[in-house]
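2 protein chains.
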Amino acid sequence: MDPSILSPKSIAIVGTSQDPDKIGSVILRNLIDGGYNGKIYPINPKYEELQGRRVYPDIIQIPESIDMVCIAIPHQFIEDIIDQCVTKKVKSVVIISAGFKEVGEQGRELEERITNKLRSEKIRLLGPNCLGFINNKAKINLSFARENPGDGKIAFISQSGAFCTAILDMASEKKLGFSHVVSIGNKADIQENELMELFVSDNNISAIALYLEEFSDGKEFVTLSQKAKKPILIIAPGSSEKAKEAISSHTGSLASSFDTTIAAIKKGNMIFTENSEELFKLMQLININIIPKGKKVGIVSNAGGPGIIAVDRIEKEKLELSEIGEKTKQKLLSFLPPESSISNPVDILGDAKSDRYELAIQALLDEISVDSILVLLTPQLITEIEGTAQIIANLSKKASKPIISCFLGGKYIKSGIRILEENNCAWFNDIQEALHLISKLAEFNEGKELTKIVDCGEYLVKTKHKKEVEEYVYKDRIEILRDNLTIQILKEFKIDMPEQMVVSNLEQGIDFASTIFPVAIKATAQDLAHKTDFKGIFLDIRTITEFEEKYNELKENITKTTGNVAPLILIQQMIEGNLEFFIGANREGGSDIYEKNGLGFGHLLAIGQGGIYTEIFKDIRHILVPECREKIESILSRTKVSMILDGYRGKPKLAKEKLVDLIMNIQKLLVSYPEIISMDINPVMITEDRAVVVDTKLYVKS
Amino acid sequence: MDPSILSPKSIAIVGTSQDPDKIGSVILRNLIDGGYNGKIYPINPKYEELQGRRVYPDIIQIPESIDMVCIAIPHQFIEDIIDQCVTKKVKSVVIISAGFKEVGEQGRELEERITNKLRSEKIRLLGPNCLGFINNKAKINLSFARENPGDGKIAFISQSGAFCTAILDMASEKKLGFSHVVSIGNKADIQENELMELFVSDNNISAIALYLEEFSDGKEFVTLSQKAKKPILIIAPGSSEKAKEAISSHTGSLASSFDTTIAAIKKGNMIFTENSEELFKLMQLININIIPKGKKVGIVSNAGGPGIIAVDRIEKEKLELSEIGEKTKQKLLSFLPPESSISNPVDILGDAKSDRYELAIQALLDEISVDSILVLLTPQLITEIEGTAQIIANLSKKASKPIISCFLGGKYIKSGIRILEENNCAWFNDIQEALHLISKLAEFNEGKELTKIVDCGEYLVKTKHKKEVEEYVYKDRIEILRDNLTIQILKEFKIDMPEQMVVSNLEQGIDFASTIFPVAIKATAQDLAHKTDFKGIFLDIRTITEFEEKYNELKENITKTTGNVAPLILIQQMIEGNLEFFIGANREGGSDIYEKNGLGFGHLLAIGQGGIYTEIFKDIRHILVPECREKIESILSRTKVSMILDGYRGKPKLAKEKLVDLIMNIQKLLVSYPEIISMDINPVMITEDRAVVVDTKLYVKS
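So the protein lines, in turn, are chains A and B. In terms of the numbering used here, the first sequence opens at residue 8 and continues consecutively. In terms of the numbering used here, the second sequence opens at residue 8 and continues consecutively.
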């Protein structure tokens, strides 16, 4: 996006009037009061002057050229104004008004007409149904926000206007400024990715916060976040929504749209937040540079109880309790009373005055094993609340590590909190909240180094069965591939499978089976797809007699269930695995997802324990395709079954490397056959030297 | 405990002086300022008068009899004063001073001497190492708290003085009163259970809050909580392993295991809280009677985004989104604009003024499917913040359901918050926090009906093998029972086991095995106990030849590992289970735990998935013995494997009732053989009609 779109040199406002409470009037006032130094053109045929400015009857009659038109009139009158904008060749339009796709079909059509008209003239559109935007770098407040909290180094993008007003109100109280606040509303044209791109590359912006109910293009969003190397804070509500399309019964429940969002947030090293308070507090911490290098926390406390609570919490938040070194312990010993605790948490006792806090905090600042310091204070009889706050303020100014204060109390601690706040120190009332946020920031900082952009191109392979697959692809229907084609595709990616053959009659079956006993016989995926509650599989068949009997029984079962009188039957050599593994995938987006203009997140892999209990234990982790080998190894290591791969309780080690190879190859398969909308591999039999794919279903859709 | 202990008619204070900052002086001042109407005797040989009161040189020389003596002088001078107390035959002593068991061995000895002396004279002791106590019902503030927030209906018991000061400071700010605040310190004599008993039976007290680092007698504590039928709020820090270390360096005592604590809290229908802020906010809610009948929440919002966040959170907090009935929907339709959402969350749109809030909240108050109402407000341009707050205040006064407000913002919402606060309404800045606390209170209320006190006596059985077991019991050593005894004990409780026999030679083995092939042969528990990393088990032996071979191999393995040249061998018929289950138990407390004076929680059962992967998947739930059958069924249903018991994906249903019988019988076994300190049953093989205990280890200790 051309950055000048957010810095127009002239702005016309449609919808101002003499009523000062009208949204258009508020916007005009905000723009003037904000000190905008471009030209302002209020538009209204009824007035000559408004708020001391000359008013124009319409856009056409403005003598100069216009960069931006802001529209805040009822939606039914907007198309006329849009036509004027086109005639006048303005550069951009901001539509504040509601009444578009958010209210139903008619609104959606209106929105589409307007958007198409503007797009064909290359006029950019912000909104509709938004609060406007604030660009404090250019002194533009083109919004109807109650108050602009002023300039700052965080950019904020919000899909919800109401959420914007809440955050701006918090920011006004706490004097937290923003470089930009952009309310994108229905995002008919300008969406989050273009703004992200702008803000990621802007060195004056140190963090980006977003409220998003849906992603315009998830894949690009993740890539932008990976590039950012600055904190991206995101609220993405709607997680409890049931998966949009429960495609296959397995993967449908194991790789939902929420799982995709979370995997994307992790992949992009973003900071996931769950509500407005949390988002705001994270912004405050980032604003005062409270971003710990790592997860090791040192604690100073004038009371044992809160220290214990903090230690509990450190473990739960996946932080680490610093191991205080011998040198620092000696230093602490030199000034603390003998009853103190000089290991972490450092308990400086209930009679500690501010000097003891100062020395203890200083000692932890000098201690290499400490990444951040949590200072706990309870207001005991001789506690110097203000003095200690002042000490913390002084130390924070020079410190290279974050100092976070938790003053526990209400009335008496207030004066201390005021000092901390005036000195831009990080303070909390609540140990749990403090550590929760510190953990998120430390994880971001550690993740920065590990984030690596993987290009889909690396995984793209020239495919042999494209044509055959395409025969199955429909726009509005999901189809399952026939077993023979599935097997051929897996072979293309060197995926290890049992000896197997699809046969059409008993004789063929006996010929094949008798060379490889014991075998399993199964209905094909296509027959199974119709109904799953019939016996469609027989295992461990060891003789020709048994084979004949089971073959006929299976054939009968299939015919009875599907009506297919000559079903195909899959014969597989039995594989005994030490572990049954599961690999599933769902695609979010269309089959053009890996092309330049494809929209969506792509394929989400679900990996973990396989077998019939996959859904009971849900020992599943997610991978947003494509990921590099190291990331896959690290994600795999977080499944519980990975302990079994590593050899559990004297059992042998299993072919973990082969499993990682398999997952890598499946990534290639999905990128190369993006028509696959869903995949179920269950089980993969893991032995000591193989990872054998026993059962695969591939579903396709455009 | 005699309730008069907390209402002494006369109090002597040792440790007052002319220095107004001395702890004793603060206590004297607090007592006088608090309006105590009993007699006060400051003690100090150096002064005649302090704070306008006549001073006595020592306790003996006070002419009248004395109810209570409060001591706040350095610990080394205390024994003299205690002697005076004994001579004077006072009723109780409060020791504020520190320097006892929390500082090491010498302090522990001093504490024991003093405690024993007082106990033998039947003089009660509060402390040492405490803040004192406040009894607002009797106008007694015998503490060195900075401020007493005044009378109220919640009693607060704290093991940490510092935690007390933090809570009192919060309460002073928010004007939340307490009936009693008791700082129990090292609880050398008076502990939480006696106070609980007092407060549970006091109808003026509507809730009890506790900060406890260790339980004086867990079993009794749970029973008291079960009887209470009023909210018991508890912070019990020390849940993580590291926190345990901090506790033992802090108070010199060990923490009970976290699982036991959590199981006890659930069994007692207590409300578990994790930090001071949460505890305090729950107190505030209880204080204004915000206790929803059930978990169904109705939402009114002037913005979509926060509504979605609330819906997400309701699912995560295990609350339920109310299904709004047709009649209420019609009512909502009658006054809301057509773009509103009349299903839950009710979106009354961004231009909602207070009248729309009023009608919508009233409609939800009348709706039967709503247990509590969450009102969300974002400060949009025409939002009537104060007006809406006033509406909520008015409705709350008459409402029979809790109304909880979340005003999202900072500067502009302040005036609204002030109105809510002045009118004792429940308000939050944070949706997540609001729903988290509402969930805890709703769960408490639902749990009240379900809580049932089970008497251990019901489970006590006259045992046949007491003598034999007692031979294994030592005070300082854990011993494992021999297999034959274990089998006999299990048989006593009609526990289903495979056909089995302990044999001492091959011939005996062949005689037994050949009648029941296939069999498993195992080293005995006693041989296995020494070392686990040798092959001590062979499964699925089907012939005499195979038996001979494996028997000899096993015998050799045992001899090589243990040195035992004539080991006993256990032979068991093979049982094929459809599910492997696990039942374990640990005892917290001594072997007298189920007797009247036994201290501790008793046995904690762990039940869940068995087999070799028990520790990998940790699909385990806990039962604090004894529980009734319904509770066991309900806890069992929360394990993941219970889905398998119920027949998963077309598999047959398993013998769930037999498993519940087994757990009930194991409860009897543990109550009847309390010498068992630890038990491992893994696996229990669950078939369609049996729950067969295959492998059991019983450990005993006094």
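No wet-lab data here; the hints were simulated from the structure. One or more of the hints may lead you astray.
Copies of the same chain look alike in the list, so a pair counts if it fits in one copy or across any two.
Said to hold, decoys possible - Straight-line alpha carbon distances no greater than 25 Å define the calculated DSS-like cross-link-like pairs of lysine-lysine that follow:
| # | residue 1 | residue 2 |
| --- | --- | --- |
| 1 | Lys182 | Lys418 |
| 2 | Lys647 | Lys625 |
| 3 | Lys338 | Lys53 |
| 4 | Lys360 | Lys459 |
| 5 | Lys124 | Lys658 |
| 6 | Lys323 | Lys603 |
| 7 | Lys360 | Lys704 |
| 8 | Lys323 | Lys273 |
| 9 | Lys418 | Lys144 |
| 10 | Lys660 | Lys542 |
| 11 | Lys108 | Lys336 |
| 12 | Lys95 | Lys469 |
| 13 | Lys144 | Lys334 |
| 14 | Lys323 | Lys625 |
| 15 | Lys455 | Lys234 |
| 16 | Lys29 | Lys471 |
| 17 | Lys323 | Lys647 |
| 18 | Lys567 | Lys323 |
| 19 | Lys288 | Lys418 |
| 20 | Lys129 | Lys325 |
| 21 | Lys181 | Lys288 |
| 22 | Lys160 | Lys95 |
| 23 | Lys418 | Lys29 |
| 24 | Lys182 | Lys421 |
| 25 | Lys288 | Lys323 |
| 26 | Lys557 | Lys658 |
| 27 | Lys181 | Lys421 |
| 28 | Lys421 | Lys29 |
| 29 | Lys658 | Lys567 |
For each hint, the structure was consulted:
1. Lys182 <-> Lys418: Both: 23 Å inside a chain and 10 Å across chains, each within 25 Å.
2. Lys647 <-> Lys625: Classified as both: same-chain Cα gap 10 Å, cross-chain 10 Å, threshold 25 Å.
3. Lys338 <-> Lys53: neither (78 Å within a copy, 40 Å between copies)
4. Lys360 <-> Lys459: neither (48 Å within a copy, 50 Å between copies)
5. Lys124 <-> Lys658: Classified as neither: same-chain Cα gap 67 Å, cross-chain 60 Å, threshold 25 Å.
6. Lys323 <-> Lys603: Neither: 42 Å inside a copy, 37 Å across copies.
7. Lys360 <-> Lys704: Answer is neither; intra-copy 69 Å and inter-copy 55 Å both fail.
8. Lys323 <-> Lys273: The answer is both: 19 Å in one copy and 20 Å across copies each meet 25 Å.
9. Lys418 <-> Lys144: between (40 Å within a copy, 23 Å between copies)
10. Lys660 <-> Lys542: Intra 34 Å, inter 17 Å, cutoff 25 Å: inter-copy only.
11. Lys108 <-> Lys336: between (64 Å within a copy, 23 Å between copies)
12. Lys95 <-> Lys469: neither (50 Å within a copy, 99 Å between copies)
13. Lys144 <-> Lys334: neither (48 Å within a copy, 52 Å between copies)
14. Lys323 <-> Lys625: both (21 Å within a copy, 17 Å between copies)
15. Lys455 <-> Lys234: Classified as within; 10 Å inside a copy, 54 Å across copies.
16. Lys29 <-> Lys471: neither (63 Å within a copy, 89 Å between copies)
17. Lys323 <-> Lys647: Result: close both inside a copy and across copies, 18 Å intra and 23 Å inter.
18. Lys567 <-> Lys323: Answer is neither; intra-copy 54 Å and inter-copy 44 Å both fail.
19. Lys288 <-> Lys418: Classified as both; 22 Å inside a copy, 15 Å across copies.
20. Lys129 <-> Lys325: Close neither inside one copy (49 Å) nor across copies (49 Å); limit 25 Å.
21. Lys181 <-> Lys288: both (10 Å within a copy, 23 Å between copies)
22. Lys160 <-> Lys95: So Lys160 and Lys95 fail the 25 Å test inside a copy (35 Å) and across (71 Å) alike.
23. Lys418 <-> Lys29: between (42 Å within a copy, 22 Å between copies)
24. Lys182 <-> Lys421: For Lys182 and Lys421, both the intra-copy (19 Å) and inter-copy (15 Å) Cα distances are at most 25 Å.
25. Lys288 <-> Lys323: both (20 Å within a copy, 22 Å between copies)
26. Lys557 <-> Lys658: between (34 Å within a copy, 20 Å between copies)
27. Lys181 <-> Lys421: This pair counts as both: shortest intra-copy Cα distance 16 Å, inter-copy 12 Å.
28. Lys421 <-> Lys29: Classified as between; 24 Å across copies, 40 Å inside a copy.
29. Lys658 <-> Lys567: So Lys658 and Lys567 pass the 25 Å test across copies only (21 Å; inside, 44 Å).
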